[in-house]
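Colleague: Each chain is listed here by its residues.
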Amino acid sequence: MELETIRLKDCDQNFIKDVIEAGGKKAHLCFQCGTCTAGCPTVYAMDYTPRQIMRMVNLGMKEQVLKSGTIWLCASCFTCQTRCPRGVEITSVMGALKSIAIKEGIEVADKKGPVFHNSFIEVAMDHGRLSEPILLLKFVGRTEGSIPGAVKSLIKEASLGMELAKRGKMAFLPHKIRKPKQLKIICENIRKMEEEVQ
Amino acid sequence: MKFAYYPGCSLESTAKEYDMSTREVFKALDTELLELDDWNCCGSSAASSTDYLLSLALPARNLAISENENLDVMAPCPECYLKLWKAYKSVKTDPEMLDEVNKTLEGTGLKLRGSVDVKHPVYVLVNDFGLEKLKEKVVKPLEELKVIPYYGCVMLKPPRTDRLDSAENPTGLDRIITTVGAAVVPFDSKVKCCGGALMLTNREVMLKLTHELLKEAKDAGADCIITACPLCHMALDARQIDVEMAYNEKIDMPVLYFTQLVGLALGIAPRKLGLNKNFVSAEKLLKSLEM
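For the record, the sequence lines run as chains S and L.
The opening position of the first sequence corresponds to residue 175 in this note's numbering, with each subsequent residue numbered one higher.
The opening position of the second sequence corresponds to residue 810 in this note's numbering, with each subsequent residue numbered one higher.
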């Protein structure tokens, strides 16, 4: 078996600190037992296991981590975090990695994950509440490269949409809150606070 | 008892029957649910995947509003419940975080103190209302009904510091099932992820995880599954037909919200519990109960 050489001088020594600050609490405490990987329901489809991601985060292998499909396959089920004997908030680490990847505009092979989370937040911030039809339109528009592709995806989802509508479970117009301006203020405050830190 | 009721976005749309049945059940139990005024989306896992501070600030606005009413919050959607609870716990245990979260609210006229708790209706029933009292209210025991308690992920994971129930082998829903006179079907995957969060981003993975749960339920000979989560319900119920097509198997497993099951035992009309809104028909099940 040929072993891969990791050149520490090519790694980002600040990465672990950034991950912890972005919400990935206790990421530095990982001792590589692999309990996270053992319990992960989606590990079979991942390129790196959760244990590998934790090691790579601690080594500062920022680029490989942020480009991996693993972070977007995490379903945020919190099984790893619940079982971690070191109290590492692994699911929150995955969330932190997603947020750093989105903020830095990292290009990934399958962009559905980042597009979904971004579109979700946009819709929720615009209206104050989520609107599934608007989310779906944004998501499909941004993930399908061609118009026929988008139409095909929408038709596939449309049958579920119609079934939901028949049961009174689909609101075609978004539910808006009365004071959406408060959300704009919150967003602006966060932007300023994060600018100050940098 | 009185709570600030936080329905969350799903209960206004795809989980309408969860909203209807929750309101009906608590009304029948003389527990007042006052809908939180002008509540906003909790941010779900999308907020924590885009900005950590935002994932605390969005729930914080809701908590600040409930503090004005001085009422604990009840959130039926486990994802909302987790996000609201996490914001509450973060500011409660860390004064610096409280300051930081309040900075995000500056200029909105809202201020957070961290004084109201966040609860899930399963544990309001089990702990606050009490199962003995619930049993007294049962007018139609659901005898001979074989029910699977499915907890999903985030109602109990990560473990809450108040230790409501075991995260790995919870019994809250089990106890509710027996209280309403039905039988619990042992289910190994009671806390295993349904993959619902990946419904749009990775359909194959979602279908595989949901199929595993449905197959286990079918093989166990259950009459229905109960859940307390809109996303799990969407995967197990609305997407059951997709699972059947992908795996070329007939499953036909009704999936009810736990509040629908409790409501039936309390003698509430199926229609009022939104049982006509579930995708997999509950007709056969209602017939067996002579309803």
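Keep in mind the hints are simulated off the structure, nothing from the lab.
C-beta atoms are modelled at their ideal positions from N, C-alpha and C, and glycine is treated no differently.
Some hints could be false.
As the list claims (entries may be wrong) - Dumping the calculated SDA-like pairs for lysine to any residue here, alpha-carbon to alpha-carbon at most 25 Å:
# : chain 1 : residue 1 : chain 2 : residue 2
1 : S       : Lys191    : S       : Asp300
2 : S       : Lys353    : L       : Thr917
3 : L       : Lys1017   : S       : Lys350
4 : S       : Lys285    : S       : Gln226
5 : S       : Lys277    : L       : Phe1088
6 : S       : Lys340    : L       : Phe1088
7 : S       : Lys286    : L       : Thr917
Unchecked claim - One-sided excerpt, in silico: chain L residues whose CB lies under 10 Å from chain S:
#  : residue
8  : Ala824
9  : Glu826
10 : Leu843
11 : Ser858
12 : Asp860
13 : Leu867
14 : Glu909
15 : Val963
16 : Pro968
17 : Asp971
18 : Leu1018
19 : Glu1058
20 : Pro1079
Colleague: Each hint should be assessed against the structure and marked as holding or not.
Modeller: Hint check:
| no. | hint | in the structure |
| --- | --- | --- |
| 1 | Lys191/S / Asp300/S | violated, 32 Å |
| 2 | Lys353/S / Thr917/L | holds, 9 Å |
| 3 | Lys1017/L / Lys350/S | violated, 35 Å |
| 4 | Lys285/S / Gln226/S | holds, 22 Å |
| 5 | Lys277/S / Phe1088/L | violated, 39 Å |
| 6 | Lys340/S / Phe1088/L | holds, 11 Å |
| 7 | Lys286/S / Thr917/L | violated, 34 Å |
| 8 | Ala824 | holds, 7 Å |
| 9 | Glu826 | holds, 8 Å |
| 10 | Leu843 | violated, 17 Å |
| 11 | Ser858 | holds, 4 Å |
| 12 | Asp860 | holds, 6 Å |
| 13 | Leu867 | holds, 8 Å |
| 14 | Glu909 | holds, 7 Å |
| 15 | Val963 | holds, 6 Å |
| 16 | Pro968 | holds, 6 Å |
| 17 | Asp971 | violated, 15 Å |
| 18 | Leu1018 | holds, 6 Å |
| 19 | Glu1058 | violated, 20 Å |
| 20 | Pro1079 | violated, 14 Å |
Violation of the numbered hints given earlier is confined to hints 1, 3, 5, 7, 10, 17, 19 and 20; the remaining hints are satisfied by the structure.
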